[in-house]
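*Asks:* What follows is the residue order along each chain.
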Amino acid sequence: MTDAATRSRIVRLTLNGVLVEVEAEVRTLASDAIRHSVGLTGTHVGCEQGSCGACTVLVDGLPVRSCLLLAPQLDGTEVETIESVAPEHPVVRAMHEHHGLQCGYCTAGIVMSLVAAARRQLPPAEVVEDVLGGHLCRCTGYVNIRAAIRDAFGNGGT
Amino acid sequence: MKPAPFVYIDPVSVKEVLAALGAQDGEAAVLAGGQSLVPLLNLRLARPSLVVDLRRVTELRDVTLSHTHLVVGAMVTTAQLAAHPQVGACGAGLREALLHIGHPQIRNRGTVGGSIAHADPAAELPAVLVALDGWVELAGPPGRREVAAADFFTGPFDTARRPDEIVTAVAFPRFTGSSTTIELAPRHGDFALAGAFVALDADGDARIALFGVAERPVRAGEAERLVRACGTASEVGEAVTAALSPADDVHASGRYRAHVAGVLVRRALDTLRTTGAAA
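Order-wise, the sequence lines are chains A and B.
Each residue of the first sequence is one higher than the one before, starting from 1 at the first, in our numbering.
Each residue of the second sequence is one higher than the one before, starting from 1001 at the first, in our numbering.
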């Protein structure tokens, strides 16, 4: 194997239901591959060290930090980003109705985690304490996000 | 920030991984779930010339329960083990430790083998492994070997693993008593300022291991002896604090960490003795 062959890769993945092929340097982060190589800029990049959760996408149905994945790790996976979530989705509607955002930077990541939690029908308390715990929001103080979660997941949350 | 350039390979077998590591003169990094390694790459605190990704090595994804141990393949994720039907064979404390790790988004990628091999002094799983006297299975050029947890963790981010070896599995002994993992972190999911795994067996013997308070996970020997001698939870907690001398850092003073460790062990013991008596 030459150096060039191992420093760059063609990555094939299913992105929001569409098969895409991306040629990227192997050190490219998944977040950058999605934003720059594919051009889907709904996924936001915050801290790039796994702390903030802004870049959360679903890989094979599970919410993960896309800044902590290398592009080649997406090969053969199914990735879902915020662009795949319909405006009518109960989570999106609840975030809208309760104004669960202010500047919106962290919102795409939070919504992706909530979409995954909604599929698993997690109890609202677990969503607030555990799932939302993986996201930082510097604007809202989380009050309206928690209200949105209670609405979308039932009223058992606190 | 972005990682510095490296060569990336993703072999499909342990044999191929070892061949790649053996042929490498420079620094090589083994990528499991990447939840510790990729931040280090992004911050350029790690600049390996070769990254060997284990994602396609399917032989590292098994969980097997024997008569004595739960043997967890290195690439089993934290979330998978926490949800595994047999995780309870090692006591409630193991599952609690798994759920203390980061957030769901981290646990979906982070692996058991990665946490053990990374050996963060504040990590939960190394302490559980040390407390239960588990072992780590390594594969290297001469073959496989097993290292007892007590000998595996040698310092902060430092283990008995040689650069040409990889962790292939982690063996947690079965435990039938009561156990719990408790920690204090500034925010839910953060690294613990101090944490404790406490296990009590039917004979009243205790296994206590602490994390975040020393250069590696440590057993609290004096405190364990006090439990056997029917010491009160407060006495045991004080013994924990007295035996520790953590370094000061930006997150907390060493004295505070030692104090917190004692309080956590006291609370854990109270909980275990109460629930044990009720059961």
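Bear in mind the hints are in silico, worked out from the structure with no lab data behind them.
Certain hints may be false.
What the hints assert, rightly or not - Chain B regions said to be covered by chain A (calculated; three or more residues, Cβ under 8 Å):
hint, region
1, 1100-1106
2, 1157-1170
Claimed, not checked - EDC-like cross-link-like pairs, simulated, lysine to aspartate or glutamate; straight-line CA separation at most 20 Å:
hint, chain 1, residue 1, chain 2, residue 2
3, B, K1002, A, E23
4, B, K1002, A, E25
5, B, K1002, B, D1053
Stated by the list, open to error - Have a look at the derived ranges for each label pair, beta carbon to beta carbon:
hint, chain 1, residue 1, chain 2, residue 2, range
6, A, S37, B, V1012, 56 to 62 Å
7, B, S1234, A, A86, 42 to 48 Å
8, A, G141, B, C1230, 43 to 49 Å
9, A, C139, B, R1162, 29 to 35 Å
10, A, S37, B, A1148, 19 to 25 Å
11, B, P1142, A, Q49, 34 to 40 Å
12, B, P1142, A, T14, 39 to 45 Å
13, B, S1234, A, C139, 29 to 35 Å
14, B, R1267, A, C139, 31 to 37 Å
15, B, R1162, A, G76, 29 to 35 Å
We put the CB at the ideal spot given by N, CA and C, even for glycine.
*Asks:* Against the structure, test the hints numbered earlier, and report the numbers of the ones violated in rising order.
*Replies:* Failing hints, ascending: 2, 6, 7, 9, 10, 13.
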